[in-house]
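> What follows is the residue order along each chain.
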Amino acid sequence: MSILIDQNTRLLVQGITGRDGSFHAQKMLEYGTKVVAGVTPGKGGQEVSAVPVFNTVAEAKEKTKANTAVIYVPAKFAKDAMLEDIKAGIELIVCITEGIPTLDMVDVMHALNGTKTRLIGPNCPGLISPGKSKVGIMPGHIHKSGPIGVVSRSGTLTYEVVYNLTLNNLGQSSCVGLGGDPIVGMRFVDVLELFMHDNETKAIVMVGEIGGEDEQMAAEYIWKHIKKPVVGFIAGKMAPKGKRMGHAGAIISSGESTAEAKIKVLQNAGVVVVDAPDEIPAVLSKKLK
Amino acid sequence: MKIHEYQATALFKKFNIPVLPGEVATQLKEAQAIAKQIGYPLVLKAQVLVGGRGKAGGIKVVRNSEDLVKNFEQLKKLVIKGYPVERILIVRAIDIKKEYYVAVTIDPTQNDVVLIASVAGGVDIEETAKKNPQAIKKFYLQGEHTIDLKRWPDFIYSIFPDKASQELGTKIFQNLINLFYQYDCSLAEINPLVQDRGGEWHAADAKINFDDNALFRHGDIQAMSDPKYEEIEELEAKQQGLSFVKLDGNVGCIVNGAGLAMATVDIVKLFGGNPANFLDVGGSSSPEKVLNALKIILRNPKIKAILVNIFGGITRCDDIANGILAARQQLKISVPMVVRLTGTNEEQAKAILAKEKISTYSSMREAIRKVVELAK
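Listed in order, the protein sequences are those of chains A and B.
If you count by our numbering, then the first sequence holds residues 1 to 289, one letter each, in order.
If you count by our numbering, then the second sequence holds residues 1 to 376, one letter each, in order.
Extracted from the complex, chain B is given alone in its bound form:
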């Protein structure tokens, strides 16, 4: 899960990471009040959860109250990659002397939490990583939740030039680690961490992502979620325990298991068809899940045929068959459906469907060939 910059900034503050004085506004009146408090010059930052904000014109520097009115209204009308700007973070503008990149994340290849830093902070950090990887320094926590001070100097000296900044950098990193573990983050990133001409340090941007698997123990974080950034169908699917990703084609797919679901859409494509979605009903699927899955799929007007591909393990094929029957009674299904069932309780399932004159396949290949033909 992602949160907005203003929310991440608040968490930084809570963990004693230096942030710029500022507040978030939705109305011009609020913006004017904030401006009065902080004083000009200011930076207005559109709060959207997509990348490329700066290039899309989502960041403005304003020097006086007229500037503020003009730019605030402009930003409020801005749509960035399909997302209208609702909130604007207003912070004090600073004179930047130096920019650093600082982040904490998980490196799955090392099964470990890694700290990353670079003297080349700013928007081009990924370019730097590709072209000049030596400029990116890494420090692995090796399973610990605090910095191992024995190994630390090599890392911190390579980034920060003098004793004062090394001490501050160490503090910022330890605070980021605390935040990272406290809230089960998958990423906590400051890009850039800046030193201004007066020698002060500020996190000039704040990005935090959270591990969805750990949200159960962080109700306060869940409450920060902005549902606008999820496809309606994907959100609804998630609430019903289904995993759904929309694609461009016309063959609706319902499959159990993520790997088999991916393989199914791949093979639909391989056989000349166009999958409309990826949908994993998960393990131990109840008839209701199948019904809900069909409801979501049928909302797509492009659908010309539906493929149900089930390999029963924990999932019982007869549950799936009953779900299909329930869906046929409750929903108007005007497109043809191809059903492939193999595994646990396959025979019962086939008998249930045969009564309703729904033919079934045992082979995935035959079923996919058939559904691709029907969608043409």
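In isolation and in its complexed conformation, chain A is listed as follows:
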């Protein structure tokens, strides 16, 4: 097993006729992902890498039975792309696009409420279940299938972590990049829950960073519900104190969002937090024995 995507995932690519969309559609096809449709309004009827292009998500879904959508459209069109997916009943949306206005995301999150659609991202590398399916922009070849679930808020730092796992013969069940924006769809807690219930996943690697409170919420969840070993890394110890948003920011955030504070709560929840990504494999190997 794996989480969220596997060999049965039928992928639709929004923005497939664009520079990034066409490039990554090709890369995903090469990896073995079932890319069944592309959507670009006004370009229906064309083909990209032999994948049929449709004008709307609804039509693409009806004709190809796509269940997952990946978004490469520019930031100003991303909200509408996501709303179209939600309306069409797509099961999983993966939004790669970066620089989406925050209030657009507030609207998208509101539209997601009460639906069965899940969202990963925006501003994320996507996710991969090695050997089965890749939905996103990560280099496929650094991955290898195996028992480690990886969840991260970062892009290249996740590659660094995965690269070290693979070098040490620790394959991955699924690797999920949540995205670095303040408002994102799935968060640590959501993915940790899926890994907890995935039989193939024997241990979890969690890569966090400064800002927000997701790591704190994850720590609480891990303490209460996760019965598998978790190893963590938090980036941003050297970051200068972030630019504050007037008084309201301080009033809103109940805790500290520094790296030190996050490391401490994770350690208190039983997570082994390492100082460098290449220290993760040794800790995992010990835990898996």
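Think of the hints as simulated: they come from the structure by calculation, not from any bench.
Don't take every hint at face value.
[As the list claims (entries may be wrong)] Listed below are the simulated DSS-like cross-link pairs for lysine-lysine, each with C-alpha atoms no more than 30 Å apart in a straight line: (1) B:Lys370 - A:Lys76; (2) A:Lys144 - B:Lys350; (3) A:Lys116 - B:Lys138; (4) B:Lys370 - A:Lys237; (5) B:Lys228 - A:Lys76; (6) A:Lys27 - B:Lys350; (7) B:Lys13 - A:Lys237; (8) A:Lys76 - B:Lys13; (9) A:Lys224 - B:Lys131; (10) B:Lys138 - A:Lys264; (11) B:Lys350 - A:Lys224.
[Stated by the list, open to error] Sample of chain A residues lacking proximity to chain B, with all beta carbon distances greater than 10 Å (derived): (12) Asn8; (13) Thr40; (14) Lys43; (15) Gln46; (16) Asn55; (17) Leu83; (18) Ala88; (19) Ala111; (20) Asn113; (21) Arg153; (22) Ser154; (23) Lys202; (24) Lys237; (25) Lys286.
Ideal Cβ positions, reconstructed from N, Cα and C, are used throughout, including at glycine.
Knowing the structure of chain A, use the given hints to seat chain B on it.
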């Protein structure tokens, strides 16, 4: 992006939020004309985009024209946290009866816009939030762009004592929400919202921050930006699609991706080095970006060694290698450079650099150890 109080006040006015009569001045002559129009007593407020203005002496009450001359000249000479005062907002002074805190912002943990209010307005609002959190009331919009009047009474009654102020408070909040959505704000704050002894209401301060991601649809807001408040290098980096933050050390860092860039400076420090900067060249980096990144880094005279740490995904390692070569030809690089390349087109990149006798590393740990040693 932040704007000055006088600019935020103008936006408040546009959205029918009551502001004090006043204008901004840069010259004494202008100040005197404004004073004549409004009448004494007046408050002079230094326009700077940093906190702690009041404590730094940036706010003065003046009662007559002599007072005005003396205090205006004083304020013009004032430097607050490194920023000289260029403009002064002049408003009518009022007799305060009651102060409230009122704000609209985004609460990312709830994926929602939140209204915040407190009867304990003023400078100590953060203290209040810590020590007496019950005094801070919140109202979530739950994805709507207008106030849900069914849920509203609980919130508004808890802040404002009587029917008249409740009605006015409701109006002010709805106007703030309109402004917030219209201009993609990340914060719209009135601290304090005051009621004077005559019963009139005024926004006695105005703070608005904007979502940088949404500036593309607000050219009028972009035009209000005060570039003085950004580090020259950070501004230049931004224009070239790079993300740069200056630190204190001597190891220059060029990395792709924010998370990896943060981890890189952390580990430089962990290994006993001192990072000089955080620099993220972003995805799909062209050779020009690397060249520009090196230009910015080399302007720092403290630099003793440079680390390039690239994990190729969208970024192609050979693009990075070509950028390094171009930089070596165009710039005088007198400090040693350590290059770590892994991922997309790694082999081509290593071959390109080997021809120029630049050695490369595959391991981040080895590369960082080396650069820390070279910077000592």
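> Does each hint fit the structure? Answer for all of them.
Consistency of the hints with the structure:
Distance check on the hinted pair: lysine 370 of chain B and lysine 76 of chain A sit about 43 Å apart at the alpha-carbon level, beyond 30 Å; violated. Between lysine 144 of chain A and lysine 350 of chain B, the direct Cα distance comes to roughly 24 Å. Compliance with the 30 Å bound is thereby established for this hinted pair. For the hint linking lysine 116 of chain A to lysine 138 of chain B, the alpha-carbon distance of about 29 Å falls within 30 Å, and the restraint holds. Restraint check: the Cα-Cα separation between lysine 370 of chain B and lysine 237 of chain A comes to about 21 Å, which is no more than 30 Å; the hinted pair holds.
Note on lysine 228 of chain B and lysine 76 of chain A: the hinted pairing holds, with a Cα-Cα distance of about 29 Å set against a maximum of 30 Å. Restraint check for lysine 27 of chain A and lysine 350 of chain B: satisfied, since their Cα atoms lie roughly 23 Å apart, inside the 30 Å limit. Between lysine 13 of chain B and lysine 237 of chain A the CA atoms are separated by roughly 42 Å; this puts the pair beyond 30 Å, and the hint is violated. For the hint linking lysine 76 of chain A to lysine 13 of chain B, the alpha-carbon distance of about 29 Å falls within 30 Å, and the restraint holds.
With a CA separation close to 29 Å, the supplied pair lysine 224 of chain A and lysine 131 of chain B stays within the 30 Å bound. Only pairs whose Cα atoms come within 30 Å are accepted, and lysine 138 of chain B paired with lysine 264 of chain A is accepted, the gap being roughly 29 Å. A C-alpha spacing of about 48 Å is found between lysine 350 of chain B and lysine 224 of chain A, which places the hinted pair above 30 Å, so the restraint is violated. Residue-level check passed: asparagine 8 of chain A sits 26 Å from the nearest beta carbon of chain B, beyond 10 Å.
Separation of threonine 40 of chain A from chain B is adequate, the least Cβ-Cβ distance of about 20 Å exceeding the 10 Å criterion. Listed as a non-interface residue, lysine 43 of chain A keeps its Cβ farther than 10 Å from every Cβ of chain B; the least gap is roughly 23 Å. Interface exclusion of glutamine 46 of chain A from chain B stands, the closest Cβ pair being 24 Å apart, more than 10 Å. No beta-carbon of chain B comes within 10 Å of the beta-carbon of asparagine 55 of chain A; the shortest separation is about 25 Å.
Every CB of chain B is more than 10 Å from the CB of leucine 83 of chain A (nearest about 13 Å), matching its label as outside the interface. Consistency note on alanine 88 of chain A: stated as away from chain B, and its beta-carbon is indeed over 10 Å from all of that chain's, at 20 Å minimum. Remark: the non-interface label on alanine 111 of chain A conflicts with the geometry, its nearest Cβ contact in chain B lying 8 Å away (cut-off 10 Å). With a cut of 10 Å on Cβ distances, asparagine 113 of chain A falls inside the contact zone with chain B, its closest approach being about 7 Å.
Non-interface status of arginine 153 of chain A relative to chain B is broken: a Cβ of that chain comes within 10 Å, the nearest being about 7 Å off. Consistency note on serine 154 of chain A: stated as away from chain B, yet its beta-carbon is not over 10 Å from all of that chain's, at 3 Å minimum. With a minimum CB-CB distance of about 25 Å to chain B, lysine 202 of chain A clears the 10 Å threshold, and the non-interface call stands. In this structure lysine 237 of chain A is not separated from chain B by more than 10 Å, as the shortest Cβ-Cβ distance comes to only about 5 Å.
Under the 10 Å C-beta cut-off, the non-interface status given to lysine 286 of chain A relative to chain B holds; the minimum distance is some 19 Å.
Checked against the numbered hints given earlier, this structure breaks hints 1, 7, 11, 19, 20, 21, 22 and 24; the rest are met.
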